[in-house]
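2 protein chains.
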Amino acid sequence: MSPRPMVRPGGRSARVQKSVHAAVRELVGEVGRDALTVPMVAARAGVTPSTIYRRWGDLQELLSDVAVERLRPEAEPADLGSLRADLDAWAEQFLDEMASPPGRAYIRDALLGDPDGTHAGRCSAYAAEQIDIVLARAVRRGEPVPETELLIDRVVAPIMYRILFRPGRLDAAYARELVTNAVSGEPGTGRR
Amino acid sequence: MSPRPMVRPGGRSARVQKSVHAAVRELVGEVGRDALTVPMVAARAGVTPSTIYRRWGDLQELLSDVAVERLRPEAEPADLGSLRADLDAWAEQFLDEMASPPGRAYIRDALLGDPDGTHAGRCSAYAAEQIDIVLARAVRRGEPVPETELLIDRVVAPIMYRILFRPGRLDAAYARELVTNAVSGEPGTGRR
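The listed protein sequences correspond, in order, to chains A and B. Sequential numbering from 1 applies to the first sequence in this note's numbering. Sequential numbering from 1001 applies to the second sequence in this note's numbering.
Please note that a few of the clues may not be correct.
[Claimed, not checked] Ranges between beta-carbon positions, derived for each pair:
| # | chain 1 | residue 1 | chain 2 | residue 2 | range |
| --- | --- | --- | --- | --- | --- |
| 1 | B | 1060 | A | 170 | 24 to 30 Å |
| 2 | B | 1167 | A | 72 | 34 to 40 Å |
| 3 | A | 55 | B | 1167 | 46 to 52 Å |
| 4 | B | 1033 | A | 172 | 38 to 44 Å |
I should point out that these hints are in silico values taken from the structure, not numbers from a laboratory. Virtual Cβ for every residue (Gly too), placed ideally from N, Cα, C.
Next comes chain A alone, as it looks inside the complex (with noise of 0.2 Å):
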């Protein structure tokens, strides 16, 4: 989704973007993010500060990339040997990870330093891919599925918005009860 043509693996490119990101953590640590600069990252990471302007516009989407970098799942959901343990394991975890104190801080960073939308729509992508990897394994154990947009409504979304916008409950059973109304059945859930 994003206009920036893909990095190849290794290239100068690659090599490029994973020394600038290494520096925004290491300073971020070091100095805190208020005082980051530009030049201060380019100094660190041995390029230019050009390199980095023209490639990620401002500190501030260089900060959301890095964010959104952060919030790269590392590894697939556990497979629990049915989807409603495996949605409930990933939704609890994906819930966790996001109401933590750094995940907060990167979801804001992700969307402050977007103006296209671009970063943010990575952030969702990471999500359905995961939820992907949950129920093309469901599909191979013969239970039926509700679909991917289904479970982004049904629990992604509410975690996210009581995040952003509405602060309290945000516990493992409310991750559950969210999963519960995406694999309900009822109609209009979509199942394929």
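Mind docking chain B on chain A? Use the hints.
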């Protein structure tokens, strides 16, 4: 939810807010928001820049406060004679307003200049108040009603999530599908 003291209507504080908000709206129309500065807003509003810094912190927080004010509903939801009709009409209008270009810009501004989440919380409270009006009316008619928080999860959250994170289908039929899921009365819908 704001830590700031209540504003007494008609008092000096309310007059300052009104003139500063009006100045922001006028100047955004005249010079565009990227050219806006606090001294420019102060001059137009007839206050000192320090009045603005003291009350709003910085330009981004002021823009956020103005955006939240623009997101405040102007009227009660229409009374169309039944819960379903009222919710359909309200959800369609909410989707239209939030997904419009100005709506998206206000949501974005509201989130950006909002370090402690109180502005986003006000947006969510406006939606909950509108829903409460619809539900109270249905209770007076003798209709069974779901809980407000369930409507937030099932109608408001998916609309806001898709606006912020997942471009795609945002039309009246989608709004009505969300309402169907909220009022379908299956176990777990939290009827009271």
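Enumerate the violated hints, using their earlier numbering and listing them in ascending order.
2 and 3
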